[in-house]
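Colleague: Spelled out, the chains give:
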Amino acid sequence: MASLIACPHCGRRPKEEFTVKGAALARPEPQAGADAWFDHVYLRDNPRGPYQEFWHHTSGCRRWLVVTRDTATHEVEEARDAALWNRETAR
Amino acid sequence: MTSYRLSQGGLIDRARPLSFSFDGKPMSGFAGDSLASALLANGQRLMGRSFKYHRPRGVLTAGAAEPNALMTIGKGGRTEPNTRATLQELYDGLTARSQNRWPSLDFDIGALNGLLSPFLSAGFYYKTFMWPAAFWEKLYEPFIRKAAGLGEAAKESDPDSFEKCWAHCDLLVIGAGATGLAAALTAGRAGARVILVDEQAELGGSLLSETATIGGVPAAQFAREATAELEALPNVRTLARTTAFGRYDGNVFGAVERVQKHVATPQVGRPVERLWRIVAGRALLATGAEERPLVFGGNDIPGVMMAGAARSYLNRTAVAPARQMAIFTTNDSGYALARDLEACGVALTAIIDSRPEGAAPGLYKGQARILTDALVRDAHGGKSLSAITIARQGRTETLRLDGLAVSGGFSPVIHLACHRGDKPVWSDAQGAFLAEDRKGLALAGAAAGLSGLAACYEAGARKAVALLDQLGIAATAGSVPTVEGDIVAPATKPLWSIPGIRGKAFIDFQNDVHRADLALAVREGYAHVELAKRYTTNGMATDQGKLSNVNAIGLLAEARGVSPAEVGTTTFRPFYTPVSFGALAGSSHGKHFQPVRQSPLHGWAKKNGARFVETGLWYRSAWFPRTGETTWRESVDREVRTVREAAGLCDVSMLGKIEITGKDAALFLDRVYCNGFANLPVGKARYGLMLREDGFIYDDGTTSRLAEDRFFMTTTTAYAAGVLNHLEFCAQALWPELDVRLASVTDQWAQMAIAGPLARTILQEIVDEDISNEAFPFLGARAVSLFNGALKGRLFRISFSGELAYELAVPAGYGESVADALMEIGKPKGLCAYGVEALSVLRIEKGHVTHNEINGTVVPADLGFGRMVSAKKADFIGKHMLAREGLTAGNRHQLVGVVPLDPAASFRTGAHILAKGAAATLENSLGHVSSSCYSPHVGSTIGLALVRAGSSRHGEEVMIWNGLRGEYTPGRLCDPVFIDPENAKLKI
Chain A
523 MASLIACPHC GRRPKEEFTV KGAALARPEP QAGADAWFDH VYLRDNPRGP
573 YQEFWHHTSG CRRWLVVTRD TATHEVEEAR DAALWNRETA R
Chain B
-14 MTSYRLSQGG LIDRARPLSF SFDGKPMSGF AGDSLASALL ANGQRLMGRS
36 FKYHRPRGVL TAGAAEPNAL MTIGKGGRTE PNTRATLQEL YDGLTARSQN
86 RWPSLDFDIG ALNGLLSPFL SAGFYYKTFM WPAAFWEKLY EPFIRKAAGL
136 GEAAKESDPD SFEKCWAHCD LLVIGAGATG LAAALTAGRA GARVILVDEQ
186 AELGGSLLSE TATIGGVPAA QFAREATAEL EALPNVRTLA RTTAFGRYDG
236 NVFGAVERVQ KHVATPQVGR PVERLWRIVA GRALLATGAE ERPLVFGGND
286 IPGVMMAGAA RSYLNRTAVA PARQMAIFTT NDSGYALARD LEACGVALTA
336 IIDSRPEGAA PGLYKGQARI LTDALVRDAH GGKSLSAITI ARQGRTETLR
386 LDGLAVSGGF SPVIHLACHR GDKPVWSDAQ GAFLAEDRKG LALAGAAAGL
436 SGLAACYEAG ARKAVALLDQ LGIAATAGSV PTVEGDIVAP ATKPLWSIPG
486 IRGKAFIDFQ NDVHRADLAL AVREGYAHVE LAKRYTTNGM ATDQGKLSNV
536 NAIGLLAEAR GVSPAEVGTT TFRPFYTPVS FGALAGSSHG KHFQPVRQSP
586 LHGWAKKNGA RFVETGLWYR SAWFPRTGET TWRESVDREV RTVREAAGLC
636 DVSMLGKIEI TGKDAALFLD RVYCNGFANL PVGKARYGLM LREDGFIYDD
686 GTTSRLAEDR FFMTTTTAYA AGVLNHLEFC AQALWPELDV RLASVTDQWA
736 QMAIAGPLAR TILQEIVDED ISNEAFPFLG ARAVSLFNGA LKGRLFRISF
786 SGELAYELAV PAGYGESVAD ALMEIGKPKG LCAYGVEALS VLRIEKGHVT
836 HNEINGTVVP ADLGFGRMVS AKKADFIGKH MLAREGLTAG NRHQLVGVVP
886 LDPAASFRTG AHILAKGAAA TLENSLGHVS SSCYSPHVGS TIGLALVRAG
936 SSRHGEEVMI WNGLRGEYTP GRLCDPVFID PENAKLKI
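From first to last, the protein sequence lines stand for chains A and B. With my numbering, letter number 77 in the first sequence gets 599, and the count goes up by one each step, no holes. With my numbering, letter number 724 in the second sequence gets 709, and the count goes up by one each step, no holes.
Keep in mind the hints are simulated off the structure, nothing from the lab. One thing to keep in mind: the hints can contain errors.
[As the list claims (entries may be wrong)] Derived DSSO-like pairs: lysine-lysine, alpha-carbon spacing no greater than 27 Å straight-line:
#1 K123/B - K537/A
#2 K408/B - K478/B
#3 K669/B - K648/B
#4 K864/B - K543/A
#5 K408/B - K592/B
#6 K858/B - K648/B
#7 K408/B - K648/B
#8 K149/B - K60/B
#9 K149/B - K537/A
#10 K123/B - K140/B
#11 K424/B - K537/A
#12 K669/B - K408/B
#13 K576/B - K592/B
#14 K669/B - K478/B
#15 K537/A - K972/B
[To be verified] Just so you have them, the derived chain B footprint on chain A, three or more residues with Cβ under 8 Å:
#16 549 to 556
#17 574 to 584
[What the hints assert, rightly or not] Residues of chain B placed beyond 12 Å of chain A at every Cβ, according to the derived structure:
#18 P203
#19 V667
#20 N710
#21 Y799
#22 K858
Think of the CB as a built atom: it goes at the ideal place given N, C-alpha and C, for glycine as much as any other residue.
Let the hints inform the model, and build the full structure from the sequences given.
Modeller: Quick look at the structure:
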């Protein structure tokens, strides 16, 4: 866990201000089918290396972020607004 | 034969004598003394008793690694056990007490353990106290804890204050010796933002104990001049008395500053300790090296001391550790002490040098006898060293003396470089474990294995330049000042085992682990470094093996016939030295432990005599006792009856309130609730169920449409924050294309429920609009004008109690006066205040659920809400997983009511439901009682329960079983709605 997260809106802030939700996954389409939904809700990769997660700047700007952090080194490579991530990546 | 104060020299201020006491005995020292040096100056070499064998112990070091001289300082709530006397500055009036002895330090009954030592070997506890198992908790453990122990924590609360803060810098320098000062000066002069921390009271590190000169002035003076220059630089912050205790992700360091631990009475308004979190662009470890003890018999007898420590006491505090000394060394550093002892006039009998070749030629010009290729095999004495036995070339010789200084080489202090999981690397050339430079972190000077002041100074400056260069800050190292009298001790081959030892040869002084224990661990198959540590407890004391770990590794390597590189180290973890709970807690204690949330109606509740209950951070009014009511139940029963028969007023302000606005607000709600909201007309409220993506219910509440593009949502009290987070997630991460905005307005509104048959009559007196059933029917929601236009509020015709009821919201600041007015108006009609206990009874009677039922395992159909789930909507959170087979099966746990067969009998929430006649086992449990209360309406205890296939079991007789209390109550399952199942009361 990184000590500081560079929030794109607030700058570097202590991790205690944030809440982690878990893997940043795009929500399947409604008609995606039972298997896709099961995967989405229950199955997670556990990679060694970069991993994208939803982080909420709960005690700050209250924006949801997609934080890319390395599970081995704990380095945070990127933190971007989740809305931006959704528009550019998730679909 | 003992230690004493020299008549001159040292950095102590002889003009400022200080008095203190040790075990009640008055003593005196000088400003500049540590508690340890002051005790030595008073001839007090016996400073403690050891952990297990209660052996007499004296001070071994002059710094943070001290394993023996641990004392209890202070009185009352300021009592601090396990204080290292070596780091405790002396102050006037200091009271110190020795630990782990009874009845006294001189005569300690526990020392009998020493005689029992053949039975107290490593693994003794594991082997001996196995049986009978029940004895462990009651008998063995308390006994062992009392017999083997450290100081005791105070029972009183700590009267002092603590604080936490952040700091940011380009370069953090840890350690202010020659290396650290050079680095800080270099970086400071270049204009970089520098923080320099050092655990000692004065910056300077080993320079304060040196006799060498730097740039023509004594080393200590050089340190003071450097400190003055640094303190004058606006871009440099120096923190003395500050221990950097941990390195964390992102190059953030934890440090604790002992602001007022060196004064008798701390100033009020200032913290005694301050916890720093330092964000370092780059960090330089200039933490120096720890001198290693040597493992010979009786190496723990008071009078045996590390050579560097002896030098420090001699030069810094003008204390001679003994009258007749010898030095046992494996390297040239021991000769620096020899030179200084002779300069101070302390008799030096011999230098015992383990190397066949002895010291570098010309290094030592003194008078002492030099024995090369010699080992100290055993030290002798009880509470004070009296002699040593030397083994040399097959012959032994005994020397009578009272002081022995020991140097077994140096272990760089690399802890902080290894805190993030990096492993140290064994260097055969250095005879030590070294750490490599990491991203953002470098080591320099003795911490990197260097010896000698000039080399350390040069390395500190050079590494600072390199680190700053990485940040794009240009700095120049400058020239190294001339050092005279510098002792450079090249690394030598480590000396692990000494043959022929007779006495106990300690490895870990603080945990009383001696060489035979380690040998036993190897013999019994625990030779792996991690196993040996746990089997023998080596390195597990409060000093975390600062002196012992490397020796243990060396001995294990020897026993296994491998290199220390192969044995490896145990894991380095924060904290480097113990940190007080006070510093970690900071200001979060007492009433500042957590914030208190008070409803805007708190004052109203208080003056109506409320008893409060803590619900999360909230103080909620639980019930309102009246004169003559002796139990809470009497009050609650009366409140419930009053609501059913007349009217009651309840504070519901703590429900979460979220304002949802925007063109797509209705569409958004359609997606977050499982039931439909898009078709909710303006001016109406609707009960909503919010699911998780896995199909289970997350939260419930009512949401009202105040305008086409404006909704007002209520959540349960407990989930208010979670629901807002969830909605924000949906709006931002899932559907950012929707035009929707969310704002928590929980604190903006005071909200009160007015419930009961007379609710409308009372409320109409303050509401300007017509609120008759026709004008404002059930589930109406609208803005209202109050008190003839004096105030605007919002009125919702919703009911949790099952009675005709309204919730009135007014701006928070008006809450108390509006509630007061309603109480006044309602008084003739019997209106009473009711609390959450009565609210709970009312809702159980009506079969309404809370998070007792919405416990993360229920889907809407389980609670009878199956038909609420929209079949028309293409998508909403939870829709897709809700269709799974297991969530639609008929034998799921479903909501039912439960009553006792005998109305006089009762049962409790949490009890299991068993089929009639079934054995009382968890396997036979059909479900459990999720809520229960005494119902004045029914006239008995009633409950809601989640029971397998419950909705088809109404009328079935069951056994209600509370296994914890051994209670069995025959009961009957029934419809969960105990009152007005037709909802007639809501629509009158």
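Colleague: Each hint needs a verdict: does it hold in this structure or not?
Modeller: Verification of the supplied hints:
no. : hint            : result
1   : K123/B - K537/A : 42 Å, violated
2   : K408/B - K478/B : 22 Å, holds
3   : K669/B - K648/B : 18 Å, holds
4   : K864/B - K543/A : 20 Å, holds
5   : K408/B - K592/B : 64 Å, violated
6   : K858/B - K648/B : 19 Å, holds
7   : K408/B - K648/B : 58 Å, violated
8   : K149/B - K60/B  : 25 Å, holds
9   : K149/B - K537/A : 16 Å, holds
10  : K123/B - K140/B : 22 Å, holds
11  : K424/B - K537/A : 21 Å, holds
12  : K669/B - K408/B : 65 Å, violated
13  : K576/B - K592/B : 23 Å, holds
14  : K669/B - K478/B : 86 Å, violated
15  : K537/A - K972/B : 51 Å, violated
16  : 549 to 556      : holds (count 5)
17  : 574 to 584      : holds (count 4)
18  : P203            : 41 Å, holds
19  : V667            : 28 Å, holds
20  : N710            : 6 Å, violated
21  : Y799            : 28 Å, holds
22  : K858            : 9 Å, violated
Of the numbered hints stated above, those contradicted by the structure are hints 1, 5, 7, 12, 14, 15, 20 and 22, listed in ascending order.
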